[in-house]
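Asker: The residues making up each chain are set out below.
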Amino acid sequence: MNVKLQGEAPAGGLDWSAFAPQIVEDAEAALGSSYIVLARFDSVACTSQPVFIGGMHRKNNQRALRLGKRLVPRFDMNMVHSVDANPHLRASFDGPNPVIGSVEEFTQGLLPPLIARIAGQIAGAAHCITIPLRVENRVLGCLSFYQRSPHFDSAWIRIAQAFARQVALSIHNAELLEEGRRVTAALEASRRLVSEAEERTRRDISEFLHSHVQSRLLVAEYRLGEIGDVSDDARRRIEAVRSELEDLRERDVRQVSHRLHPEALRVGLVAALQILASQLHGVLDVRLVVDDALLNAERALPMNLRLVAFRATEEALGNVLKHASARCATVWLGIEGSLLKLEVTDDGCGFDVTHMPRELGLLCLGARIESAGGRCGIESRSGGPTRVWAEVPR
Amino acid sequence: MNTGHGGTSTTGDRLINVTLVEDEALFRDLLRGALEQTLQVRVIGSYSTAPEARSAEEMGRADVVLLDIDLGGEDGITLGRELRERYPALGIVLLSNHAHLAFARELIAANLTGWAYLLKKSVRDVQTILRAIEGTRVGQVVLDPLLARGLPGNERFPNLTARQAELWSLITQGYSNAAMAAQLGLSTKWVDNAVGGLYSALNLDTRDPRTNARVSAALLYAKEAGRANLTVLNGENGY
Numbered sequence: 001m002n003v004k005l006q007g008e009a010p011a012g013g014l015d016w017s018a019f020a021p022q023i024v025e026d027a028e029a030a031l032g033s034s035y036i037v038l039a040r041f042d043s044v045a046c047t048s049q050p051v052f053i054g055g056m057h058r059k060n061n062q063r064a065l066r067l068g069k070r071l072v073p074r075f076d077m078n079m080v081h082s083v084d085a086n087p088h089l090r091a092s093f094d095g096p097n098p099v100i101g102s103v104e105e106f107t108q109g110l111l112p113p114l115i116a117r118i119a120g121q122i123a124g125a126a127h128c129i130t131i132p133l134r135v136e137n138r139v140l141g142c143l144s145f146y147q148r149s150p151h152f153d154s155a156w157i158r159i160a161q162a163f164a165r166q167v168a169l170s171i172h173n174a175e176l177l178e179e180g181r182r183v184t185a186a187l188e189a190s191r192r193l194v195s196e197a198e199e200r201t202r203r204d205i206s207e208f209l210h211s212h213v214q215s216r217l218l219v220a221e222y223r224l225g226e227i228g229d230v231s232d233d234a235r236r237r238i239e240a241v242r243s244e245l246e247d248l249r250e251r252d253v254r255q256v257s258h259r260l261h262p263e264a265l266r267v268g269l270v271a272a273l274q275i276l277a278s279q280l281h282g283v284l285d286v287r288l289v290v291d292d293a294l295l296n297a298e299r300a301l302p303m304n305l306r307l308v309a310f311r312a313t314e315e316a317l318g319n320v321l322k323h324a325s326a327r328c329a330t331v332w333l334g335i336e337g338s339l340l341k342l343e344v345t346d347d348g349c350g351f352d353v354t355h356m357p358r359e360l361g362l363l364c365l366g367a368r369i370e371s372a373g374g375r376c377g378i379e380s381r382s383g384g385p386t387r388v389w390a391e392v393p394r
Numbered sequence: 001m002n003t004g005h006g007g008t009s010t011t012g013d014r015l016i017n018v019t020l021v022e023d024e025a026l027f028r029d030l031l032r033g034a035l036e037q038t039l040q041v042r043v044i045g046s047y048s049t050a051p052e053a054r055s056a057e058e059m060g061r062a063d064v065v066l067l068d069i070d071l072g073g074e075d076g077i078t079l080g081r082e083l084r085e086r087y088p089a090l091g092i093v094l095l096s097n098h099a100h101l102a103f104a105r106e107l108i109a110a111n112l113t114g115w116a117y118l119l120k121k122s123v124r125d126v127q128t129i130l131r132a133i134e135g136t137r138v139g140q141v142v143l144d145p146l147l148a149r150g151l152p153g154n155e156r157f158p159n160l161t162a163r164q165a166e167l168w169s170l171i172t173q174g175y176s177n178a179a180m181a182a183q184l185g186l187s188t189k190w191v192d193n194a195v196g197g198l199y200s201a202l203n204l205d206t207r208d209p210r211t212n213a214r215v216s217a218a219l220l221y222a223k224e225a226g227r228a229n230l231t232v233l234n235g236e237n238g239y
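Same order as they appear, the protein sequences are chains A and B.
Straight run, no breaks: the first sequence in this note's numbering ends on number 394.
Straight run, no breaks: the second sequence in this note's numbering ends on number 239.
Among the clues, some could well be false.
Rough simulated footprint, nothing fancy, chain B against chain A, three-plus residues with beta-carbon under 8 Å [to be verified]:
#1 200-212
#2 269-275
Facing chain B, a subset of chain A residues (Cβ under 10 Å, in silico) [said to hold, decoys possible]:
#3 Q255
#4 S257
#5 L288
#6 V289
Across the chosen pairs, the derived CB separations fall in these ranges [unchecked claim]:
#7 D285(A) <-> A110(B): 22 to 32 Å
#8 Q279(A) <-> L112(B): 24 to 34 Å
#9 F208(A) <-> A99(B): 14 to 24 Å
#10 Q279(A) <-> L184(B): 27 to 37 Å
#11 L112(B) <-> C349(A): 41 to 51 Å
#12 R81(B) <-> A197(A): 30 to 40 Å
#13 L184(B) <-> F208(A): 17 to 27 Å
It is worth saying that the hints were derived from the structure and are not from the lab.
Built from N, CA and C at the ideal position, the CB exists for glycine as well.
With the rest of the complex left out, here is chain B (with noise of 0.2 Å):
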């Protein structure tokens, strides 16, 4: 069990906890060290099985949970769920093989934030790994790059500008207005006033503290997207 980098670390900050739950060995350990290597995360226990994982103790003191949604058989995202009621401030990063949203509904429906869906070839790029780490640590919900491109599939805000798609897309994979602001090349306060505008172009309620303004985004983007070729009729279920 790795003991983890804390007199190494060089952004001064703790270093966030967390837990793997992946079945298959030669994936857990690469994304082990993936992780490890970033110096700002420490793994502090990797399991192969829901069971495993359900009777750690480590779970208590984990920021974030990365999580298989295939675990030979068992649900990762009821797995997920179950952790979640039991670790309220746990942060949950689905790692998923479908490249659809289909299999978040369950989450999308019941509004839940602190989550993240992930593609597992997205390890190759330990940054997006990390952004849906921070993100779901503070309660932000991530989506892999891969399923927040463009627009989420349906005309539902056809007035939003080429550039607050742009924003919306980059919030709903977990950068911040200065990161925004860095990948654009613009300026953060610039940013600060798109983003702004794309929230009440999304009709979302900025009278509530910014952050929630920002994860009720990457939420609508989420159900959108989640409702990708779905028409509900009588919809009540804020579809």
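Extracted from the complex, chain A is given alone in its bound form (with noise of 0.2 Å):
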């Protein structure tokens, strides 16, 4: 039985070129055959190409090219050929056995006879044994060796059959193995698109929230103000509603807008940093650090490093606050060479990392970092100090 997977052969990524000489070379020294053609088959086309062909540098096979091509000016050892040409192509296509036969045969309805007949005077090749490279149901190509002689040894093929088994699997390998790095390629991919689609989302509301909103507010509470020729009473209670109305607008939508996306990031990541430290004001003192290279270089940094710079430096403020017990915080930001580099340090009770709890802010931090392009690390021990660092390339 026979089952392709038509349309998603993952084969279609990896490239053979890398292993095929390789693959050539060890059926030379196992098998002792001294023309062999590794082929790749493409199971939607259903066509077969030529990857690697052993034994080129031989006299004998270099006559035979050098005789073909004069004789036959389109003739081309690699060219890519549909399987169905002739039944004996056919059916080393579709396995799973191997398939002997004439070079005539293989190439009949492909090639000019002439050809064939050279191959097989002058090169010696005049027989042809295929030897199917099968994993999984699929046959991703063939091993063909040829000799003079139409006898193939049946000792010989059972051994050249396990040596393709193993080829198979190891070519298989090499699939799974860019497949699944392809795989993690596409989901980083989505997952940015995702973050970045909604950190877009987020801004739009925060600055809504923040002009179209609070200004609104703002001219409702003006307009309270200005109503007057009312009762003690009623002035008392429209105080009540622009007091309400303030509130909201201070603390509300003020907190709600800021926590969706800091604003102060499309000035800067130390203004919008200095704006988080003044809003931790009361409870957690923190410094902020930088040295003029990342002054001067701040405007040049692109939006995506801010924002994860500046979320970065918030969860890990905001876990000196949930857990470390600390005073004060000092974070540290600069620029190395390529990379823009933070550090916030506390000085809490600190913790024994290898109990760490695994927190999901701090799971976030490290993904977003990661997807940037950095990395990140947390170092602290019982009684402090703890010290979170992250870098990422500008």
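Hints in hand, dock the two standalone chains.
Answerer: Listed below in structure tokens is the structure:
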């Protein structure tokens, strides 16, 4: 039985040329044939293509090739060909058994008979056996062995089949690795897209709250204040509504807006962190330490990098607040070569890193930084201090 | 378009021509109404977007522009600097919902003068806006009362007296000596002397004309307040 994975053959992505010469060389050594071809099948297009041809350094083969090219100028040993040119090719393509035949039979409908005769008489490649490279019911390709005699020893065939199975497994392994890399990259890309879209939405809502909603609430408060000519009781009630509105604007709207997106990031990372620090005033004493190089380069930092660094700092400070019972924290930001580096240290109680709780926040922080191509870590011990560090390429 | 209150002015001075750039129509109208009621200001143009403001010919006749720093995606501070390049005498009053000077860092770092940073909620006290308009018209730096309260955060000037700190804060809010005297119930002469003392406590060069020392004092305040919570190593930027 032969099942073809139509359309989604992962082999499409893998480049065989990296390991093809080694396979053919090993086949030569293990099976002792002087003329071996490794071919790759395309299960969708139903074609076969030689990937590597062994033994071409031999004089006979060279002579046959030169002669073939002179007589049939369009002759190309590496050309991709349909497997339906003749029944032998089709049988090799379908697998699962070895196919034996003369070179004429294998090249019928594909090459002029003259080429087959040259191969047989000059290169000594008159007869051929194809051993399928088969794994999980798929035939990835085949190894073809050529010789003068039509007889292929059955013990030799068994060894060749065993060899081909190992080759198929190795190729399949490489395919899986390649597929894994591809899937990981695709996942990473879509994750980044999703998180960028989320950030954009957050920014839009935050801007709307910040400029539109706040301004309209301000106007409403002002208009309420303008109402004159009312009883003292009505005045008191109007005042109460006005201060409700003010509270809503100053606390709720502002807080939500900032939590959604730090608007000051537009001005710069340092500005946004200063505001974060001022919001923690009275809860945690946050000192920002930066250098001139950072201040000068700050405006050139791309927005998503500012955001990553901001969120990382925010997460680290949030962690200090939750766990460290610290009085102050220092945030250091700097530029070293192509890296933006940051470090958050606190004077809190610290913890044993081997018993570190798997905090969701810290996990997200790690994922965020990794997706920006950076690294991060946390160092602490019981009694403190704790140091969270991150570095992200600019 | 308003044609102004020229004939009804009670101050005798020329009215101050201002333009407004604010994308929130209700707020823009409120601001315009509040300003016109003072009879000291004439609103000669109001715009809701940065491109409108850029192409407005009234801008060339304005003494001061009141500018929202969030113009629906456009940055009001950049627009302000652009307008200043074109009209070097134009005063710039920035209106913001952000109660932090970090947003004005670029102006502070460039030692720019003739600008103010006000919170939008200060429209409730139109005198605050008028002080900023008058101050920026003559090249001063004016901060919102909420951002210029007490000392500017860090302890760089520990030897200031409480009175000096108060004067510094009021100067930064755009008060003249006479206005400070009235506010504090002191004589102008006393305030004149005390301000001189403040300048030397702040190590400001008073050999320059007085207005410059005033501007320097306010700019210094803005600088100090703008670097709250911040330490800059190898500071070459004046920080």
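Asker: Does each hint hold? Answer for all of them.
Answerer: Comparing the hints with the structure gives:
Counting residues of the segment 200-212 of chain A whose C-beta lies closer than 8 Å to any C-beta of chain B gives 4; at least three are required, and the coverage claim holds. Against chain B, the segment 269-275 of chain A contributes 5 residues with a C-beta closer than 8 Å to a partner C-beta. That satisfies the three-residue criterion, and the hint holds. For Q255(A), the interface hint is violated, the least distance from its beta-carbon to any beta-carbon of chain B being 13 Å, above 10 Å. Hint status for S257(A) relative to chain B: holds, with the closest Cβ pair at about 9 Å, below 10 Å.
Below 10 Å, beta-carbon pairs count as interface contacts, and L288(A) has one with chain B at about 5 Å; its hint therefore holds. With a least beta-carbon distance of about 5 Å to chain B, the hint placing V289(A) at the interface is held under the 10 Å criterion. Between D285(A) and A110(B) the Cβ separation comes to about 30 Å, which falls inside the hinted range of 22 to 32 Å. Look at Q279(A) against L112(B): about 27 Å separates their beta carbons, and that is inside 24 to 34 Å.
For F208(A) and A99(B), the Cβ-Cβ distance of about 19 Å falls inside the hinted range of 14 to 24 Å, so the restraint holds. Distance hint check for Q279(A) and L184(B): the Cβ-Cβ separation is about 32 Å, which falls inside the suggested range of 27 to 37 Å. Between L112(B) and C349(A), the C-beta spacing of about 46 Å keeps the proposed range 41 to 51 Å intact. In this structure the supplied range 30 to 40 Å holds for R81(B) paired with A197(A), their Cβ-Cβ distance being about 32 Å.
The hinted range of 17 to 27 Å is not satisfied by L184(B) and F208(A), whose Cβ atoms lie roughly 42 Å apart.
Hints 3, 13, counting from the list given before, are not met by this structure.
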